[in-house]
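**Student:** Make the full structure from the sequences, and use the hints.
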Amino acid sequence: MRALRVPLAQPVPGDLAPELAKRLFFVSSAITEFDLVAEGGDISAVDLVISGDAEESAIAVKIGKVVAAEVLTQRPLPPKQVWRCPVEATFVDPFPELLAGDAAFVAGEGQVGFGEPLLSLVDYLDARLLAIALELPGSREFRYPTLLPTSVLDRFGYFGSFPQFAMFVTRLHNDIDVYNGFVDRYRDGGRLPDDLFAQCEDKTYCLPPTMCYHTYHQYTGRRLPSEMVVTSRGKSFRYESRYHTSMERLWDFTIREIVFLGGEDFATGCRNAVMARAYALLEELELAGHCEVANDHFFGNADTAGKILSQRMMELKFELRVPVAADRDIAVGSFNLHGQFFGESFDITGPAGGPTASGCVGFGLERLAYAFLCQHGADPAGWPTAVTDRIGDPGAARSHH
Amino acid sequence: MGADSKARIREFVLDNITETELADDDDIFERGLVRSMFVMQLVVFVEQEFGVQVTGDDLRFDHFRSVDRVDELVTRKLAAV
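Protein chains in written order, with the working numbering: chain H, 1 to 401; chain V, 1001 to 1081.
By construction, these hints were calculated from the structure, which means they are not laboratory data. Some hints here could point you the wrong way.
[What the hints assert, rightly or not] Looking from chain V toward chain H, a few residues come up when the C-beta cut is under 8 Å (computed):
hint: 1; residue: Asp1027
hint: 2; residue: Arg1031
hint: 3; residue: Leu1033
hint: 4; residue: Met1037
hint: 5; residue: Gly1056
hint: 6; residue: Phe1061
From the three backbone atoms N, C-alpha and C, an ideal C-beta is built for every residue, glycine too.
**Tutor:** Following this line, the structure appears as structure tokens:
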């Protein structure tokens, strides 16, 4: 481990600091920690901790490229909050207690297994969100397989916009010589061969970064008889490069998704309805939080600045953010409009024949539940009665231990 | 000056759409004439063509929806220079 200060050729304005911060861990896997060095409101340098024998000058060059191509090209817009929950929160770090009580288990980087009382809480929150979805006109629920064909993401350019999140699924290529060669080498070496992936030429499937892509896949090439809402819940995967040892940010997590397919007004109306219901739910859960204009984490793309600017100016994305500590909040949900982008990409047409407009809302169930615990504690005795009355006593499930 | 800037804005929009008919008060985004990404091109065009800075609160979508609205922004920015 070495500490290193990388001066920036051009200072990054303070309001673009978050855009720099969210890209730094993706610049190089050698970067294990970073701090932004502020000087008169601008970021003038980056302090890094780097691992291995990575060349310092090479890392500085990579940072320079990302700053020039993807950060300084952006035009910062003033932050815009559209709602704030009138709750004053106090905070605890619930994770040590969850671990000590065997209510959570760290399975790997960004991967957490959990039991009661978190299990009942997650299921309760999902049930409430599902009810919000099923109240919408033309709604139906689907359960999808986990694997998503790579061609689905390919179809709308996902890999060009979010290469950093993508998770591919592969297997040994189905050929007797490949199997025999693999088994021989595995037995001889006693471990997986370093060039394992040379034998895994199949890349037909990936892991879904979110659930709504399954829905566009489902309706590909179809003419919808009427406007519709599809909700689903499933495992989603985004590689985020660095994970806290907690449930704030997971690599492997669960999304409750609601997709709206119809005219622009239908998509906007549904999105706004879900936003209003989500605000009411947050108030009922007695959670501090707010909703603000947001943008996707486009990366490695010449169009990044334009995509982010149009998304923010047209207010196509809002995030519901809930604090997990006095100085930190996390997004627990996002509310998105896409215009006809997915309708055109997947050839989904409306009753009148033209490409359908769409919108979607996704809630990160583990994150929402974890933010709840950060504000109300891991012990159900401290939870709002509006919750405990409706899910019964989640602790009861532990009595058979 | 107003008529001149409006004509330059109209020409830029027409150069970037396939339609040849465009009213100055047409909402070019709502009519589906351009993709959302076009807003960035419009911002850059206004800055380069008229030598003004479009930042902060000027970066409102409403200022870029039609030739008329862009012209109002340009006229206001030029008056403030």
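**Student:** Starting from the hint list further up, note which numbers the structure goes against and sort them upward.
**Tutor:** 1, 2 and 3
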